[in-house]
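With the hints as extra help, turn the sequences into a complete structure.
If you read the sequence shown in the numbering used here, its first letter stands for residue 48, the second for the next number, and so on.
Simulated from the structure, these hints should not be mistaken for laboratory data.
Simulated restraints on C-beta separations: (1) 56 x 152: 35 to 41 Å; (2) 158 x 186: 39 to 45 Å; (3) 184 x 89: 46 to 52 Å; (4) 91 x 168: 20 to 26 Å.
Don't be surprised by glycine CBs; every beta carbon is placed ideally from N, CA and C.
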Amino acid sequence: MFESTLALSDASRIIAGVVLLTIVTIEFGGTFLLRIAAGKVPLTDFQKAFSRAGHAHAGVLVILSLVTLILADATGLEGLWGWVGRIAVPAAAVLMSGGFFAAMAGAGRTVPNRSIALVYAGAASLALGVVTLGIGLLTA
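In structure tokens, the structure reads:
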């Protein structure tokens, strides 16, 4: 059909496939936000804000995840650091967005519950992933 000039490692190709499939869940989250905006889901202002934050972080970090998979292959990192470079940003997408949604769970909530720790864990995963890739690219 056509010849590809971009060759992904098997690990990056599989992770990219899984990450692309998660976009369906982000789409579902968008329909949930539409229901919130239409007033069909009774939430506090805090819960509305965390719903938007969870949805936005999911979308942005999934796109960043796909970019970082290409960059991970360009670094030549192998073993543990290769896996950190490939999986830390997609993990951050799950942890941060999931953390926002879990932290707002509960009727009438106006402050985050203990699940807010997932947001911080996701931030750490994001930092670990991008620092690993940045150093990997600078030393490649």
